[in-house]
Amino acid sequence: MKKLLYGVAYYDEYMPHERLEEDIRMMKEAGINVVRIAESTWSTHEPQNGVFDFSSVDRVLDAMHQAGIHVIVGTPTYAVPTWMVKEHPNVLAETAKGQGRYGARQIMDITNPTYLFYAERIIRKLIGRVSNHPAVIGYQTDNETKHYDTAGSNVQLQFVKYMRETYTTLDNLNKELGLDYWSNRINSWEDFPSVVGTINGSLGAEFAKFQRKLVTEFLAWQAAIVNEYKRPGQFVTQNFDFEWRGYSYGVQPSVDHFAASAAFDIAGVDIYHPSQDELTGIEISLGGDMTRSLKRSNYLVIETQAQAFPNWTPYPGQLRLQAFSHLASGANMVAYWHWHSIHNSFETYWKGLLSHDFKPNPVYNEAKTIGRDFDRLSNQLIDLRKNNRVAIMVSNEALTALEWFKLPGGKTYNDVVRWMYDELYKMNIECDFIHPSYARLEDYELIVVPALYAVTDEALVRLNAFALNGGHVIYSFKSGFASEAIKVRTTDQPGIIHEACGITYRMFVEPKNVGLKGDLFREGEAADSVHSWMELITPTTAEVLAHYDHPQWGDYAAVTQNRYGKGTATYIGCMTSSTVMNTILKAAVQEAGLWGIDQELAFPVIVKSGMNREDQAVRYYFNYSDKPVSLTYPHVSGQELLEERLIKSGEQLLIEPWGVRIIVE
Amino acid sequence: MKKLLYGVAYYDEYMPHERLEEDIRMMKEAGINVVRIAESTWSTHEPQNGVFDFSSVDRVLDAMHQAGIHVIVGTPTYAVPTWMVKEHPNVLAETAKGQGRYGARQIMDITNPTYLFYAERIIRKLIGRVSNHPAVIGYQTDNETKHYDTAGSNVQLQFVKYMRETYTTLDNLNKELGLDYWSNRINSWEDFPSVVGTINGSLGAEFAKFQRKLVTEFLAWQAAIVNEYKRPGQFVTQNFDFEWRGYSYGVQPSVDHFAASAAFDIAGVDIYHPSQDELTGIEISLGGDMTRSLKRSNYLVIETQAQAFPNWTPYPGQLRLQAFSHLASGANMVAYWHWHSIHNSFETYWKGLLSHDFKPNPVYNEAKTIGRDFDRLSNQLIDLRKNNRVAIMVSNEALTALEWFKLPGGKTYNDVVRWMYDELYKMNIECDFIHPSYARLEDYELIVVPALYAVTDEALVRLNAFALNGGHVIYSFKSGFASEAIKVRTTDQPGIIHEACGITYRMFVEPKNVGLKGDLFREGEAADSVHSWMELITPTTAEVLAHYDHPQWGDYAAVTQNRYGKGTATYIGCMTSSTVMNTILKAAVQEAGLWGIDQELAFPVIVKSGMNREDQAVRYYFNYSDKPVSLTYPHVSGQELLEERLIKSGEQLLIEPWGVRIIVE
Amino acid sequence: MKKLLYGVAYYDEYMPHERLEEDIRMMKEAGINVVRIAESTWSTHEPQNGVFDFSSVDRVLDAMHQAGIHVIVGTPTYAVPTWMVKEHPNVLAETAKGQGRYGARQIMDITNPTYLFYAERIIRKLIGRVSNHPAVIGYQTDNETKHYDTAGSNVQLQFVKYMRETYTTLDNLNKELGLDYWSNRINSWEDFPSVVGTINGSLGAEFAKFQRKLVTEFLAWQAAIVNEYKRPGQFVTQNFDFEWRGYSYGVQPSVDHFAASAAFDIAGVDIYHPSQDELTGIEISLGGDMTRSLKRSNYLVIETQAQAFPNWTPYPGQLRLQAFSHLASGANMVAYWHWHSIHNSFETYWKGLLSHDFKPNPVYNEAKTIGRDFDRLSNQLIDLRKNNRVAIMVSNEALTALEWFKLPGGKTYNDVVRWMYDELYKMNIECDFIHPSYARLEDYELIVVPALYAVTDEALVRLNAFALNGGHVIYSFKSGFASEAIKVRTTDQPGIIHEACGITYRMFVEPKNVGLKGDLFREGEAADSVHSWMELITPTTAEVLAHYDHPQWGDYAAVTQNRYGKGTATYIGCMTSSTVMNTILKAAVQEAGLWGIDQELAFPVIVKSGMNREDQAVRYYFNYSDKPVSLTYPHVSGQELLEERLIKSGEQLLIEPWGVRIIVE
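Residue numbers (full-length UniProt numbering), protein chains in the order written: chain A, 1 to 665; chain B, 1 to 665; chain C, 1 to 665.
Nothing false has been slipped in among the hints.
Which copy is meant is left open, because identical chains are indistinguishable; a pair holds if it fits in one copy or across any two.
Quick list of in silico lysine to any residue cross-link-like pairs, SDA-like style, CA-CA up to 20 Å:
#, residue 1, residue 2
1, Lys86, Arg105
2, Lys146, Lys209
3, Lys175, Ser56
4, Lys648, Glu600
5, Lys411, Pro310
6, Lys86, Arg101
7, Lys125, Ile225
8, Lys3, Arg613
9, Lys359, Met507
No lab work stands behind these hints, which were simulated from the structure alone.
Hey, can you work out the whole structure from these sequences and the hints?
So, in structure tokens, the structure goes:
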């Protein structure tokens, strides 16, 4: 990447009247230097089977090039045209809810050969036409691709073959998945029942894993086609996204980002988040850390919000704060979905930089300041490198397993991830994300492991070795409980890691009116703080950091820490309030020797840092609040880039509400 | 109509044992002078295909006639018999939920030719048989007719043709409906997808409009058949009803009452409402105003509640209060659903005048007093004429549009209508309802326009002209936002009416902890009063009546008023508490010069008035509370009809809890 | 039964590794003397169509016999194998929701001949093989059998024939079910519509009754097959269960326990209940009373909880308390579901005596003390006989009727049953359950009748006669309202029993802010205590125990008592708080002369008693609280069996939290 990209999604096809020239004029004024086009408009580009019309692509490319604006071209495959569904209704995914209906995007069976035939043809037509255009800097395959719950008989057939490859014999399959239970045993491959009705979580989770594999394969297939046309200097990316709870919340359940990102040159991502009084920056940081970890490199924010929803319209200053927050996590591009607000259909109220009237407005006006600063500071801020000492271990497999075996009260895997991540964020501990299969654990000092419920023996053995050799690990409850096939381990619990943790438990209960007691906590801090889950822990060699505060379960340990070889393993046997989690994490971070001067600051003051291309330390200070904050600048003197002045070590730094400072040493 | 009608629905077919003579004796005692029969009993009248048995109709007609009770005969077409469904299962409507199942009423495809064939046959047999009977004064076609979400392939086919007629070309269709979005574009009429899965609100709303058209056509078809048999003096009506929220709430989403009522001689209606401590009279007034506005004439209350549900059993006095409230809105008939409580099936707990034991009970006993008074006062109270100066503009199109583009927090179009109507009611401002296509706006001084979201340019231009020429208009938020095809206007907002309103806005947010500030409000009155929606308004020429009270949005206007030509346009950019709405409306009513002596009274004292056949002013005073109220009678002296005494101007008028007085000048 | 049975469900088939010897060793240590095997493992025992493998049954039988542990063998028919569904998909029940899907247990059509053919074959193979094995003491047919909502065309056809047998003529059918309403009339048997869409509660309730009959017939069919193999001394039982609300709540809606139990030698049952702070013993008592009443004899608790769910893990002492509570209600067996916690699939978190690690744990350790005591005290505690003077009359028919005609606010039939039963339990009044068809009402002094909504004339006439002859009856609201076909009675209400009750009502309302007033209540006790339902009662000859406390309904009676012949009939016209119910019941119990010394004690001190095989009075005293309780022992001196010491009359008896004492006179 040569410079920071500041962009928008642009849909010439959706315009109610001719706007191209005026739009480009306004984009230039706002410093927009890249647009993404063409995804989601298949029916415009191929109005009838085999009839192509790329005139809107051509004219946008030419006009953008003339204006010096780069273009990322998306393959239009995630929304199928009406003619295709009318000709071949079975391109729609059959799911557990039955045959699909035309209407929305993302409703097809991504393994259907008819769909794949047409998809390949339009990709080749489009990419072949545009790849030599000088405006084009890269490609996005499809968009927010998932498996759309495809589960028809063709998918089932492939799944049975996949299961035979995975488990080899039916005896092995029946045993690992526990299929004797409720007479689910399969004694001949021909008897393999459709999995849509299964009540066996092991089987259901294997199917979910298989469905994620379909996504990986589909994306690799698209990337390979696009690669045939890609010119030197161009990139291919995918727009990944996260578990959606009205905003980007956590690990994406339907896609294995680690696996699927392998086919791409650079990782791209959607990040959407609460705003106004609810803006914290957590999702920007979380999404950035997750995406940066995919290829362990910088990434593109392909979509984030401009005005968006009525409840997200940013307060003055917030759009700037958000933009620089993305850079501080390692993004090389920040692009809005989308340029103009759409006048019909589903996302009319998901507003772009411009409102429906196309006139300048306060948000657009703020974007202009961002565009100027991105341009001015590009060389100093691009390609930020991190050297994080802390990693969080996450897995789709654990997530799926906890969907089948839910926590009482409704908390999910991503809630556990967020419970731990959010407190690290608030104490300004930056981190990477790793999968349990990650081999080089020694890259880190501290590994945080939320609810690693379903996992191989190997991964747990590797974590034990990591601690033995001097690493520090923090486990939450439920970790190690079951095999990768979600068979509960028959050993002492927590499975395998009980060795490093120096504890065991045989019983677990749902907490009601339970607090914690222990030296770690101030008077009253941990009262009534336990919810969702509690394991009744007996230490073998571990030190007890907290016992349960409960008339019946008070003798059991809740939080323990064990010295194991040269390292430590901390185990948190229950879900707690965020305050308590903060206290426990702080102690563990200090134990690992990672508590530094930036940790003395805390949310709403957020600090992010890294090294730039010139190997200068770049430090971002964010004020995530509606009050001004003041802090003593704790590092060596440096140049503040936005106000363009020297900041001396020890100088008082005042940051306005929703403000940001960037200091280069 | 020669006299006030006081009636019941009567089902001889449902009787557990012979009751006719005894029922008529008890009806006569209660002053019942009309019964409605025969709707919903097709399976009794045509027990097998082509075999007819109208014996229960004959005997009821004869017996009623002998007793001097009139009869309205309903066509029995809204509940199909078992034999028809068994012979022709596809008479049941196919909806977005799939093929229908036999069981309930109102489950057929009203466009199905098999159904229409049988329906026409039974209508001709029944009406041909009874039309010369001297007991029959009129007919009701079908009952509470709707489209029952019919959406099978035959309906889809008609819809495609309708769309071609409406939009002529696909280019026009694609553009107006924004079908390029998410690849929904239709490039050949053959590709037109089934609309049941659409995510395009413009397309979905067109289908809803088309479905309402099916209702209009079906009812006109039935009315035309019945008209062939109708004798002079007889009428044909339809029993319209309203959006149902456990009671009659607002504009009926599935029927265009304005269009559908054209085929009928007189409008009829269902009105059901909360009772006991929740009885306010609002629904009686609202339903009456809406129904009177259909043909701008008197109307029939074909169904209203007697005992009804356990939570509606009226307190002593309430049945009387309700009956006279209907008359005060212009009804010429008040009829109960129904005479006797039904002993089996779905509506066992929707009780009639009589309980299941058929014995006199407190509600029946109260009805006897109503029957006596209706009879005695018929000449003075019948055919009440209104000359309202205020109209509320409502539309099915805006309602449907706001179903597709919902307000945050769950409020709907009818909530906005009720938010405005209810306060008019409480300040004793009587009003008519008009559709945006209504041409003679100059009939009124003040037009209230709730959330007119989807509407033609012409209607908005006409409203601007109305203000220019001296009229007064009050708009709520969202008015003028989109075209009749729900394409957001690209002009300044509010679209077109921003000219008369003298304002514009480019942003809107979801209010949290937002109040209003302005001279209009007393200290604290408007704190925390804004919910659901707020537009960030900048006045151009308008006076600001209220700003938002919020740290970030406080510079924007919330409520404005603009002098425009000889009139004014008031714009309310947010949804508020009812208290605030009352304050704003009061100011606007005063501005329009419509604040009179009856407005000094307020709910729970409700005043309704009009001119009777003798051109005498008739004034109703209602006490909608459980406490006695006292008021100074503000008009010229007149005769009170219930207590039969003279009331002098300025005299103190005491009304008992749930009481009523009727004064004729 | 020769001795008390203490058992577990045992699934050798589900074991992750060879455990049999070790499991038996641990069972013996815990005093387990019976296991239940083989139900739910059809796919293991018949891995392919016609291929049988009973090796796990054989080896478990042999090993258990060698260890002196008895075995109950279940027929494996309630979970069908994969091959059967693959070969014959239509063995799955078609329900109102459509065709079934393979996955869960209990999904087949129990009338499907293919299923019945295979079921009969595996039953004969299995039972024929094991019946001569000395370990086998009895059999369980199927498990928790229900009709699984089977409603396919074959079931519908049988239902039509059943209806013709029941009602003989269509005229009679149409009249009794009120099918004229909404044109539901059936005028030819061929027109009989599928009942899945019906809105007629009478028809729907008949179908529910028919479905329950299918269960009765299916179980009798299985029992008859097993009886062919049964040796002298062996028994056949069925594992009945209750309405499930996350635990055993009340009358089972889908099975007529009274009818279905006729085919069995002894009644068996599932009882699950809240635990920890929510443990009250009510469900143990209720389930026991209901099951003991089926065959009016002792019964087997075939399943109850060991560790079970995280929110049920018992506090120390609770497992013992529960075990002896079962005996105190007349159980001769207490068995846990299940021995070991399962490592995969649906019930991984429904834990057994052992956790997944198979190690001894606190709950298992407590079981050891129970096993020892059961063994030691078997002769004194087995075959406890009751001679209860109070009965509660319950019926599936009333339950179903109240599902169709729901109480406002969501309370159901079983809520009414529990509202009355729970207070009897708390005042230590033991009772039996009887069906309205029970002929010998004179067996009792007091009959409590909750919401007997749909019932024959005969049953009500019998209840009147019971009161006339000196019995005491307590009715709740809604009793007598409708016929067995759910046709509301046209007589005065409450239908027929108004004679004995000396009251009538014609109106009923939904209470809001309603209390009671009357001499029965202490100051304020009954304020705001009425909810869900209230009938406006006028006494004819009854004494009013309470009027409603409400401004409009205050003249009506709420609770009445009438002397009728030599007895009394109490009528409660509304649903009240539990405190008020307690007060009313106490008065009625005293009136019936049933208030004794054990009634002076009250929950959390629970007393149960009976006569043992030696005709000794056995009295259980339970402390259902987490505080020690002290009471003056009120009976003649006796031997306390657990502490093995003499308790003198009048001695102070101290019971620890969750403790139990058993005293034999």
